[in-house]
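Line order of the protein sequences matches chains A and B.
Under my numbering, the first residue of the first sequence is numbered 1, with each subsequent residue one higher.
Under my numbering, the first residue of the second sequence is numbered 1001, with each subsequent residue one higher.
Hints in this document: simulated from the structure, not taken from any laboratory.
Here the structure is a predicted model, which means the values were calculated and not measured.
Careful: at least some of the hints might be erroneous.
[To be verified] Computed list of lysine-lysine pairs in DSSO-like fashion (alpha-carbon distance at most 30 Å, straight line):
{"id": "1", "chain 1": "B", "residue 1": "K1239", "chain 2": "A", "residue 2": "K147"}
{"id": "2", "chain 1": "A", "residue 1": "K147", "chain 2": "B", "residue 2": "K1179"}
{"id": "3", "chain 1": "B", "residue 1": "K1176", "chain 2": "A", "residue 2": "K147"}
{"id": "4", "chain 1": "B", "residue 1": "K1263", "chain 2": "A", "residue 2": "K147"}
[Claimed, not checked] Sample of chain B residues facing chain A (criterion: CB under 7 Å; computed from the structure):
{"id": "5", "residue": "L1089"}
{"id": "6", "residue": "G1189"}
{"id": "7", "residue": "S1246"}
{"id": "8", "residue": "V1248"}
{"id": "9", "residue": "G1249"}
{"id": "10", "residue": "L1250"}
{"id": "11", "residue": "G1389"}
{"id": "12", "residue": "S1400"}
{"id": "13", "residue": "E1408"}
{"id": "14", "residue": "D1419"}
Just so you know, even glycine gets a beta-carbon here, dropped at the ideal spot from N, CA and C.
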Amino acid sequence: MTRKNVSRIGAWRSAGVRAGMVAPAVLIYAALLVVPVGYAFYYSFTDYNGFPNRVPEFIGLDNYRTMFESHDITGTMVVTAIVAAVGAVAVNLAALGLALLLQKTNRFNTFGRVVMFYPHVLSALVVGFLWQAILGPQGVINTLLEKAGTSSLPFLSDPDGALWSMILVIVWSLFGVQLVLYLAGLQAVPQDLIEAARIDGAGRWGTFRAVTWPSLASTVTVAVITSCISLLKTYDVVVSLTGGGPAGSTKTLAYSILAVSFPQRKIGVASAQAVLLIVAAAIMAITVLVLRRRAENDAESIG
Amino acid sequence: MKSTHRGRRSRSAAVVTVVSMTLLAACSSGGNAGGGGDGEIRMMVNLTDNLNQAYWEKLVKPFEDKTGLKVKIEGPSGKSVAESFPQQLAAGTAPDVIQSIFPDDDTAPELLDLSGEKWAAGTPMFDDYAMGNAHYAVGVGEQAQSLVYYNKTAFKKAGISEPPAAWDEFTADLGKLKKAGYTAMQTAGQYQTGLQLQQLDHPTLNIAHPKWQTAVKDKKLSVGDAYEPMFRKYADWIKAGYVAKSDVGLDPSQADGNFIAGKVGFYPNGSWFTSTVDKAGNLPFEVGVFSPPTDSAGSHPGPQGATMADPYMVLKGAKHEDDAKELVRYLVTDATAIATQLEADGVFRQGSTAKHSAVGTQVQSILDDAPSLVAVGEGMGNTRLPVTGFNPKFTEVAQSLYTGATPEQAAKSIDQWVDENR
Chain A
1 MTRKNVSRIG
11 AWRSAGVRAG
21 MVAPAVLIYA
31 ALLVVPVGYA
41 FYYSFTDYNG
51 FPNRVPEFIG
61 LDNYRTMFES
71 HDITGTMVVT
81 AIVAAVGAVA
91 VNLAALGLAL
101 LLQKTNRFNT
111 FGRVVMFYPH
121 VLSALVVGFL
131 WQAILGPQGV
141 INTLLEKAGT
151 SSLPFLSDPD
161 GALWSMILVI
171 VWSLFGVQLV
181 LYLAGLQAVP
191 QDLIEAARID
201 GAGRWGTFRA
211 VTWPSLASTV
221 TVAVITSCIS
231 LLKTYDVVVS
241 LTGGGPAGST
251 KTLAYSILAV
261 SFPQRKIGVA
271 SAQAVLLIVA
281 AAIMAITVLV
291 LRRRAENDAE
301 SIG
Chain B
1001 MKSTHRGRRS
1011 RSAAVVTVVS
1021 MTLLAACSSG
1031 GNAGGGGDGE
1041 IRMMVNLTDN
1051 LNQAYWEKLV
1061 KPFEDKTGLK
1071 VKIEGPSGKS
1081 VAESFPQQLA
1091 AGTAPDVIQS
1101 IFPDDDTAPE
1111 LLDLSGEKWA
1121 AGTPMFDDYA
1131 MGNAHYAVGV
1141 GEQAQSLVYY
1151 NKTAFKKAGI
1161 SEPPAAWDEF
1171 TADLGKLKKA
1181 GYTAMQTAGQ
1191 YQTGLQLQQL
1201 DHPTLNIAHP
1211 KWQTAVKDKK
1221 LSVGDAYEPM
1231 FRKYADWIKA
1241 GYVAKSDVGL
1251 DPSQADGNFI
1261 AGKVGFYPNG
1271 SWFTSTVDKA
1281 GNLPFEVGVF
1291 SPPTDSAGSH
1301 PGPQGATMAD
1311 PYMVLKGAKH
1321 EDDAKELVRY
1331 LVTDATAIAT
1341 QLEADGVFRQ
1351 GSTAKHSAVG
1361 TQVQSILDDA
1371 PSLVAVGEGM
1381 GNTRLPVTGF
1391 NPKFTEVAQS
1401 LYTGATPEQA
1411 AKSIDQWVDE
1421 NR
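Required output: the full structure, derived from the provided sequences and hints.
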């Protein structure tokens, strides 16, 4: 056997080992994520009730047409867009602000970080029930207001009030993860650059704008994308806090898929809604990435 | 050069991350089965505080002892039997016997037709739940859907001598109760808003439009036209402050609590609320129950909205189909089994002499005096609306009355939804 043949056999063996190690992960990924998503795409073009005695009937774009012509579903799209946009801004502002306050390591800040992360540990359903007990018409706040002789506030009984209350609760329950991301990002900001900026006479705001913020760019991208995706999928809090009400004013797209379309066995429409959610998440994520890339290119060209 | 590679790599990594997260964001949708181990019948039931695992096991124990068969009690794998059964059907893991839900067009082909069974024919509401000529569900009794619970002490303080029989009397009583310092009528948010409005309207609506669901299906009536009179009454009560606008954000369990605490005059609810009242023990006031008013006192009591209580269905082609059928026969015909179920959770049966609490006795007499039992909400058996998902949508529309919609707008809104989903 020549040396060339031996090395070729070695290369094949090595490739085989590598493929063998990767294959289980690829198979699990495909089975758990790619196949279900593929099915969702397929069902979105069919009329199907999800039962084995019924064969999905291909109906082209009818489910998408139904979805965009339904006042109910388009309403949930608007609510979802508001929750995702306002929620993402609020989550990231709150998380970044608190990360800046808690970035120095001392006992108080360590305690503060645990307290701030705590809401994320709670189940979203529990969060909803908890805030219902606080914001409801007979909740803690309104009971105190009544005892103080003032009129109660319609946190959950007015359509606008319920929507903003729900966004507040979601922000409260989500920002713990973003806080950890920003804290990690802040640890990676080069101290020498901060010191150099201070020596050059930059104040706190100037240092943040010129050094900290640009250094956090990749963290901000990840934090914004992950928070937006979480917000696009808002479901549990809707169930436990408002039940989609009053008068359907807090129904999100995910709620509509899981609490309306699936129970009505409209698998085709539910799948079309899920596909829309995937597309919305992809557009949002790619937009954030493109904007960040453009900003980086602009910065490089100026530099 | 190095930085370009790094940029490309980080871009690729970012794209992979985005695609992965996008896929993670996706929501995906999930042959008949039945049968556990040898000779084991699987029965899926809704487990509650009252009807827990121990209750169900005790209920089927005499059957197991008599037949030597084993019954495996299973709770729903999801939120409820209604949610879990279709999922298990699709997955091929459906149980032999299904309790607490009713057949529909999608599930009927998967269920055993019990039409030929002599023992099934005499069970409560058997024909009411027929689909075409087929009978898939048998039950133990009836749940009365149209009841108004009231506080007798509040009545006395407000100067009301007896429960109202007509709507104008009801509205006058609401005013008296409010004046006496009570919450005139307690309503609640979530599913309960639409439910209560329908509960109050069943008798009146079914006098004006018998089998109104069929009339809607045949396009002889619109849901908006059917419900607009009750929307008007509700809008007037909200405007007058008899119903609090903030109730629309109230958890139904808090509404129950308000009534139990003695703060409320009228509380529309179903017969299942009887068990909540009984469990509350000695209350500082006496609870009364009456059938909702009708347009004129002469036609009171009107038809009573009702659903089959403790319904059972058998999976067609189940591994132990015959054994499963025998189990269901036992559950709906054996005197001890019936008595156990009637006493367990506010379940009633027309003509039954089962022992009830003081409140339960009133409910039993309302059920016995009802001129007829009528379909509620989306309907039952052959009396059905041409849409699914009616109750949640109706609740949304009922809630819009609390948030400023006019009765006309509410009626138009429900009609628009029916047209979109017909």
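**Item:** Indices of hints not satisfied (ascending)
**Value:** The structure conflicts with hints 13, 14, although it agrees with all the remaining ones.
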